Amino acid sequence: MSFDAPTIDYAGLSPVIALTVGLVVIVLAAVFDSVRRFGPALALLTYAVTAGCLIWQWNANLDLVSGSLRIDGLAVTLSLLAVIAAAVAVLLAIGDPSETQAGRSDWLALLTGSLLGMVILAQATSMLTFFVGLELLSIPLYALCGTNLRRRESLESGLKYLIVGSVGSATLLYGLAMIYGASGATGFQAISDGLQAGDGMLSDSLTLVGVGMVAVGLAFKVSIAPFHQWTPDVYQGAPTPVTAFMAVATKAAAFAVFIRFFLVALGPLADQWDVMLAALAALSIVVGNVGALAQTSLKRMLGYSGVAQAGYMLAGIVTATQAGVDALVFYLAAYVAMNVAAFAVVVIRERQNGFSDDISTLRGLGREKPLLAWPLTIAMLALAGLPPTAGFIGKLYLIEALVDDDWTWLAVMIAIGTMISLGYYLRVVATLWMSPAGQAEAGAEIDTASLPPQIAGAQADPFEDSRADRRWYLVAPALIATAAALFFGVIPQPLVDFAQHAGDALSVWIS
Amino acid sequence: MLSSIIWTPLVFGLIGLLVPKRFAAWVAALGAVITLGLAIGVLAGFDPDGGMQYITDVSWIPGLGVDYSLGIDGVSIFLVLLTTIAWIPAICFSAIRGTDRPALYYLMLLAGETSTLGAFLAQDLLLFVLFFDLMIVPFYFLFGIWGRDRGGEEDPERSPGNGPVSVQSATLKMIVFTLIGSLLMLVGAIAAAVIAADGGELTFSIQTIVARGLPEGSQNWIFWFFAAAFLVKMPAFPLHGWMPDSYRAAPLPALAVFSAVLSKVGAYGFLRVVLPMMPDASDLFQSTMLVLAICSILYGSAMAFTKTDLRLVLGFSSVAQLGFITAGIFAFDSTGAEGAVLQMVNHGLVVVPAFLIVAMISERTGSEELGPMGGLAKKAPVFAVIFLIVSMATLAIPASANFIGEFYILNGLFQVDAAWAIVASVGVALAAFYALRMYQLTMHNPLPDGSDSREISLRDALVLVPMVGIVVVLAFCPQLIIHGSEQAVDSSIAIVREVAK
Chain V
0 MSFDAPTIDY
10 AGLSPVIALT
20 VGLVVIVLAA
30 VFDSVRRFGP
40 ALALLTYAVT
50 AGCLIWQWNA
60 NLDLVSGSLR
70 IDGLAVTLSL
80 LAVIAAAVAV
90 LLAIGDPSET
100 QAGRSDWLAL
110 LTGSLLGMVI
120 LAQATSMLTF
130 FVGLELLSIP
140 LYALCGTNLR
150 RRESLESGLK
160 YLIVGSVGSA
170 TLLYGLAMIY
180 GASGATGFQA
190 ISDGLQAGDG
200 MLSDSLTLVG
210 VGMVAVGLAF
220 KVSIAPFHQW
230 TPDVYQGAPT
240 PVTAFMAVAT
250 KAAAFAVFIR
260 FFLVALGPLA
270 DQWDVMLAAL
280 AALSIVVGNV
290 GALAQTSLKR
300 MLGYSGVAQA
310 GYMLAGIVTA
320 TQAGVDALVF
330 YLAAYVAMNV
340 AAFAVVVIRE
350 RQNGFSDDIS
360 TLRGLGREKP
370 LLAWPLTIAM
380 LALAGLPPTA
390 GFIGKLYLIE
400 ALVDDDWTWL
410 AVMIAIGTMI
420 SLGYYLRVVA
430 TLWMSPAGQA
440 EAGAEIDTAS
450 LPPQIAGAQA
460 DPFEDSRADR
470 RWYLVAPALI
480 ATAAALFFGV
490 IPQPLVDFAQ
500 HAGDALSVWI
510 S
Chain Y
0 MLSSIIWTPL
10 VFGLIGLLVP
20 KRFAAWVAAL
30 GAVITLGLAI
40 GVLAGFDPDG
50 GMQYITDVSW
60 IPGLGVDYSL
70 GIDGVSIFLV
80 LLTTIAWIPA
90 ICFSAIRGTD
100 RPALYYLMLL
110 AGETSTLGAF
120 LAQDLLLFVL
130 FFDLMIVPFY
140 FLFGIWGRDR
150 GGEEDPERSP
160 GNGPVSVQSA
170 TLKMIVFTLI
180 GSLLMLVGAI
190 AAAVIAADGG
200 ELTFSIQTIV
210 ARGLPEGSQN
220 WIFWFFAAAF
230 LVKMPAFPLH
240 GWMPDSYRAA
250 PLPALAVFSA
260 VLSKVGAYGF
270 LRVVLPMMPD
280 ASDLFQSTML
290 VLAICSILYG
300 SAMAFTKTDL
310 RLVLGFSSVA
320 QLGFITAGIF
330 AFDSTGAEGA
340 VLQMVNHGLV
350 VVPAFLIVAM
360 ISERTGSEEL
370 GPMGGLAKKA
380 PVFAVIFLIV
390 SMATLAIPAS
400 ANFIGEFYIL
410 NGLFQVDAAW
420 AIVASVGVAL
430 AAFYALRMYQ
440 LTMHNPLPDG
450 SDSREISLRD
460 ALVLVPMVGI
470 VVVLAFCPQL
480 IIHGSEQAVD
490 SSIAIVREVA
500 K
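Residue numbers (numbering that gives the first Met the number 0), protein chains in the order written: chain V, 0 to 510; chain Y, 0 to 500.
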């Protein structure tokens with residue numbers, strides 16, 4: 000009996016290969032003192048090569064490794080977003096306490112490992128690669144959250160993320176098992192065929208419970224309410240470069256598999272799950288926006304805002320149309336730009352302010368450091384969906400897709416959520432521009448107890464850097480992301496083409 | 000051509016960032032004057048009977064069916080002129096006095112002009128919504144950064160009638176109110192295009208959507224989504240809640256153009272979008288809208304003659320005036336709508352000098368409260384005459400263009416029902432009360448201590464006199480606007496008149 004090994008398309012696998020090789024090199028570099036310093040450069044080189052491979056495979060549309068991975072428009076576009084987010088995280092982490100304390104190479108290896116998981120996840124077309132990719136994404140992230148070894152919050156956030164994330168993964172795994180039971184297949188296309196072929200499987204309670212559990216598991220990953228409780232704590236506790244990476248890249252990868260699994264594998268069940276996802280989206284929009292209103296920590300606020308934004312994006316899946324997927328990918332790309340701009344400014348301010356991310360530390364920044372204030376201002380206006388930013392066009396795109404598919408009520412929910420969100424986004428803008436510096440309000444003072452002990456003492460924090468706003472590797476991501484958020488608000492067509500490239504990949508399955 | 004009108008102000012605002020600070024103001028003024036020149040150029044080649052002209056139509060986001068499509072007709076041309084005129088005194092007035100962070104200030108002011116002109120010229124529904132949303136952003140910064148807290152502990156003008164107002168909360172309230180309306184409008188606009196396309200090619204062209212028509216059931220809810228945005232923007236009773244606080248906190252030159260022009264975008268939206276696109280719903284809700292308009296007139300007038308803060312007197316008088324304009328539009332009658340267009344221009348032209356005069360009064364008395372004022376006319380006859388003309392125009396004294404405007408509107412209302420016209424005409428009488436009260440309490444009576452009655456400076460006069468001159472000229476020939484807008488107004492209300500019959 001002969002055994003045929005699956006044919007392997009190395010060109011199609013090249014992004015995964017490039018990242019794996021890069022990962023090995025980064026780990027090995029840790030051994031040599033002379034090379035270790037160049038860790039960030041090595042990581043950036045790896046990501047650049049990966050991005051190059053992805054762009055090389057831009058028009059690819061084929062199954063890899065016996066149909067367990069698939070490289071197509073959806074995979075390429077969303078992987079690119081994740082790679083960009085990782086590159087930004089590398090830059091923002093230079094000189095960050097987390098990176099130094101955990102060991103530069105280890106930190107970068109964890110980041111690259113997580114990115115590899117994301118790239119696999121974006122291509123996954125089988126339940127096995129789906130789960131492997133998801134775990135490869137998550138486990139390094141749990142560790143990354145705890146890399147600021149001297150901050151209790153950082154360790155706490157890593158542990159919290161680990162526990163909650165494991166619950167999410169377990170739920171997902173149960174769900175996948177049930178769907179396997181109902182369809183008798185692991186490949187996404189085969190699941191779809193199996194569900195349609197099986198007698199009454201489309202309305203079988205086993206199938207539906209499985210679908211529900213998969214949705215819950217994925218909702219944990221993209222922080223959809225009511226499975227979002229970990230988000231603000233972990234966002235706040237984790238080192239800010241990690242938070243920036245997590246906020247953006249995890250969403251890109253998890254939404255990629257969310258789209259693929261629900262529209263391809265569970266496509267025949269669309270009439271059953273669309274209402275469920277719509278309810279989750281609406282709840283997420285309300286909970287995220289209302290929760291953000293009361294926050295005084297910028298990172299917590301961005302965490303809640305991320306919950307709301309995930310709700311907007313989920314609405315794109317609810318439609319189960321190509322327009323919905325396009326809108327989601329467009330919004331995700333815009334979200335990358337606005338979040339990178341916001342987090343880069345947070346990183347800079349933290350290093351100048353003894354690592355406090357309280358909103359009151361931004362007072363008077365508009366007058367003193369306009370170069371820092373503008374990126375944050377534009378990011379806030381973009382997140383709030385005001386023109387002329389990509390955030391406005393993104394909302395427009397989502398609403399158009401929703402109304403076109405008779406989900407007008409969900410479109411109205413997005414509008415209502417946006418109104419609530421003005422309350423907290425504009426508070427940041429007002430603090431930047433409309434309050435004089437050094438006039439802290441009572442009760443809004445920096446909580447000294449939560450800071451590392453050396454702040455209170457005479458000794459200066461070795462990681463504080465009063466010149467952080469002049470470091471090119473911190474300022475450049477903020478400025479480029481801001482420029483992108485404005486550029487794609489005025490000339491959105493290139494980004495629309497980008498998003499439609501993702502949607503076209505699914506044209507076989509959805510209209 | 001129209002594109003250059005829209006973008007010239009913004010370009011000059013950006014140039015202002017590059018030049019030395021002391022020149023920023025004059026670069027801005029130059030930009031505003033050039034924009035006015037371009038607008039006059041368009042007027043020179045404008046044919047009142049030619050319908051939509053100077054059409055620009057470029058695909059902007061083909062993936063979403065959005066076009067960059069501009070055009071000008073008999074209604075928008077006068078509002079474009081009003082806009083380009085109104086910004087010049089506001090900029091010059093600020094330039095004379097100087098402002099904190101001038102480059103940013105003028106950039107915001109000119110960005111406001113760009114977005115307002117864009118809203119008046121857009122012929123694509125989404126482009127209109129985009130400019131409509133965009134307008135609020137620069138004014139948010141203008142009010143927030145250059146405004147000031149009022150009525151606080153240290154404020155010498157503190158008075159029992161006016162509670163404390165903080166800039167931050169006032170601007171937040173303003174932008175939330177405005178965006179509640181305009182976000183719903185965004186949903187409404189997309190729904191209108193999708194429903195009108197009915198599976199066909201999606202386009203947001205206003206003319207195409209009007210031609211395709213909307214089913215009656217959808218019209219009813221889309222109507223309110225649009226109406227919410229426009230009524231908040233005006234502001235109309237009972238959606239004026241944001242107005243008092245932001246008017247009190249805002250810097251006066253920015254407030255002058257805000258009150259003069261931005262409020263008109265709401266009224267313009269009814270005429271351009273709501274009536275042609277949703278004729279059945281407009282007909283169905285005609286009485287509701289007229290009731291809202293009449294309430295605005297009566298409530299605005301009553302508030303205007305009880306308030307003691309000069310800004311609020313003008314603010315509430317605007318509510319009343321916008322009530323008249325809404326009533327004229329919803330009379331579905333040519334004379335009423337023409338009167339409304341004339342009144343939009345009149346009100347804008349009067350409000351700009353009125354707010355600038357308030358600024359000058361407060362420089363002389365140190366306060367914007369009517370109570371302790373008086374006697375300013377004593378040594379300042381020219382100043383008093385300018386203010387008198389503005390007041391007379393506000394109260395629509397016969398022979399003023401405002402009189403013609405209100406007369407046309409009332410005439411239109413009579414065609415609907417005499418009762419509406421009679422109730423609305425009470426508003427005309429009330430206007431005399433508050434305008435004369437404002438004039439008398441500031442200019443007549445003995446001069447209290449601490450007030451300084453000094454003549455208007457030459458530079459200020461150069462800013463104000465042309466504006467007042469235009470008001471006077473318009474009083475002699477209001478038919479310029481009536482005739483110029485006739486054809487465009489008729490075509491705007493043609494469909495709804497058909498339905499109303």
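Some clues are possibly wrong.
In the SDA-like style, the derived pairs of lysine to any residue whose C-alpha atoms are separated by at most 25 Å in a straight line are [unchecked claim]: (1) V:Lys368 with Y:Ser490; (2) Y:Lys20 with Y:Leu9; (3) V:Lys368 with Y:Phe22; (4) Y:Lys172 with V:Ser296; (5) Y:Lys172 with V:Lys159; (6) Y:Lys172 with V:Trp373; (7) Y:Lys500 with Y:Ser490; (8) Y:Lys20 with V:Ile419; (9) Y:Lys172 with V:Ile419; (10) Y:Lys20 with V:Glu367; (11) V:Lys368 with Y:Leu435; (12) V:Lys159 with V:Ser296; (13) Y:Lys20 with V:Lys159; (14) V:Lys368 with Y:Ile14; (15) Y:Lys20 with V:Leu292; (16) Y:Lys20 with V:Ser296; (17) Y:Lys172 with V:Ala372; (18) Y:Lys500 with Y:Ser217; (19) Y:Lys172 with V:Thr6; (20) Y:Lys378 with Y:Leu435; (21) V:Lys368 with Y:Pro101; (22) Y:Lys20 with V:Ala293.
Quick caveat, the hints were computed from the structure, so don't treat them as lab data.
This structure is a prediction, so every number in the text was calculated from the model and none was measured.
Outcome of the hint check:
For the suggested pair Lys368 (chain V) and Ser490 (chain Y), the alpha carbons sit about 52 Å apart, so the restraint of at most 25 Å is broken. Restraint check for Lys20 (chain Y) and Leu9 (chain Y): satisfied, since their Cα atoms lie roughly 17 Å apart, inside the 25 Å limit. A C-alpha spacing of about 22 Å is found between Lys368 (chain V) and Phe22 (chain Y), which places the hinted pair at or below 25 Å, so the restraint holds. Of the pairs offered as hints, the one joining Lys172 (chain Y) and Ser296 (chain V) holds, with about 23 Å between alpha carbons and a cut-off of 25 Å not exceeded.
Annotation: proposed proximity of Lys172 (chain Y) to Lys159 (chain V) is violated, straight-line Cα distance about 38 Å (limit 25 Å). For the hint pairing Lys172 (chain Y) with Trp373 (chain V), the CA-to-CA distance comes to about 22 Å; that is within 25 Å, so the pair holds. Under the criterion of a C-alpha separation no larger than 25 Å, the hint pairing Lys500 (chain Y) with Ser490 (chain Y) is consistent with the structure, at around 16 Å. Using a Cα cut-off of 25 Å, the hinted pair Lys20 (chain Y) and Ile419 (chain V) is violated, with the two alpha carbons roughly 38 Å apart.
Taken as a hint, the Lys172 (chain Y) and Ile419 (chain V) pair is honoured in the structure, with Cα atoms around 12 Å apart against an allowance of 25 Å. Distance check on the hinted pair: Lys20 (chain Y) and Glu367 (chain V) sit about 16 Å apart at the alpha-carbon level, within 25 Å; holds. Proposed proximity of Lys368 (chain V) and Leu435 (chain Y) is contradicted: the alpha carbons are some 49 Å apart, above 25 Å. A threshold of 25 Å between alpha carbons decides the hint, and for Lys159 (chain V) with Ser296 (chain V) the separation of about 19 Å falls inside it, so the pair holds.
Only pairs whose Cα atoms come within 25 Å are accepted, and Lys20 (chain Y) paired with Lys159 (chain V) is rejected, the gap being roughly 52 Å. For the hint pairing Lys368 (chain V) with Ile14 (chain Y), the CA-to-CA distance comes to about 21 Å; that is within 25 Å, so the pair holds. For the hint pairing Lys20 (chain Y) with Leu292 (chain V), the CA-to-CA distance comes to about 38 Å; that exceeds 25 Å, so the pair is violated. Distance restraint check for Lys20 (chain Y) and Ser296 (chain V): the Cα-Cα separation of roughly 36 Å exceeds the 25 Å cut-off, and the hinted pair is therefore not satisfied.
Distance check on the hinted pair: Lys172 (chain Y) and Ala372 (chain V) sit about 22 Å apart at the alpha-carbon level, within 25 Å; holds. Straight-line distance between C-alpha atoms of Lys500 (chain Y) and Ser217 (chain Y) comes to about 21 Å, which keeps the hinted pair within the 25 Å bound. At roughly 63 Å between alpha-carbon atoms, Lys172 (chain Y) and Thr6 (chain V) are farther apart than 25 Å, so this suggested pair is violated. Annotation: proposed proximity of Lys378 (chain Y) to Leu435 (chain Y) holds, straight-line Cα distance about 20 Å (limit 25 Å).
Of the pairs offered as hints, the one joining Lys368 (chain V) and Pro101 (chain Y) holds, with about 16 Å between alpha carbons and a cut-off of 25 Å not exceeded. A distance of roughly 39 Å separates the Cα atoms of Lys20 (chain Y) and Ala293 (chain V); the hinted pair therefore is violated under the 25 Å criterion.
Taken one by one, the earlier hints fail for this structure at numbers 1, 5, 8, 11, 13, 15, 16, 19 and 22, listed in ascending order.
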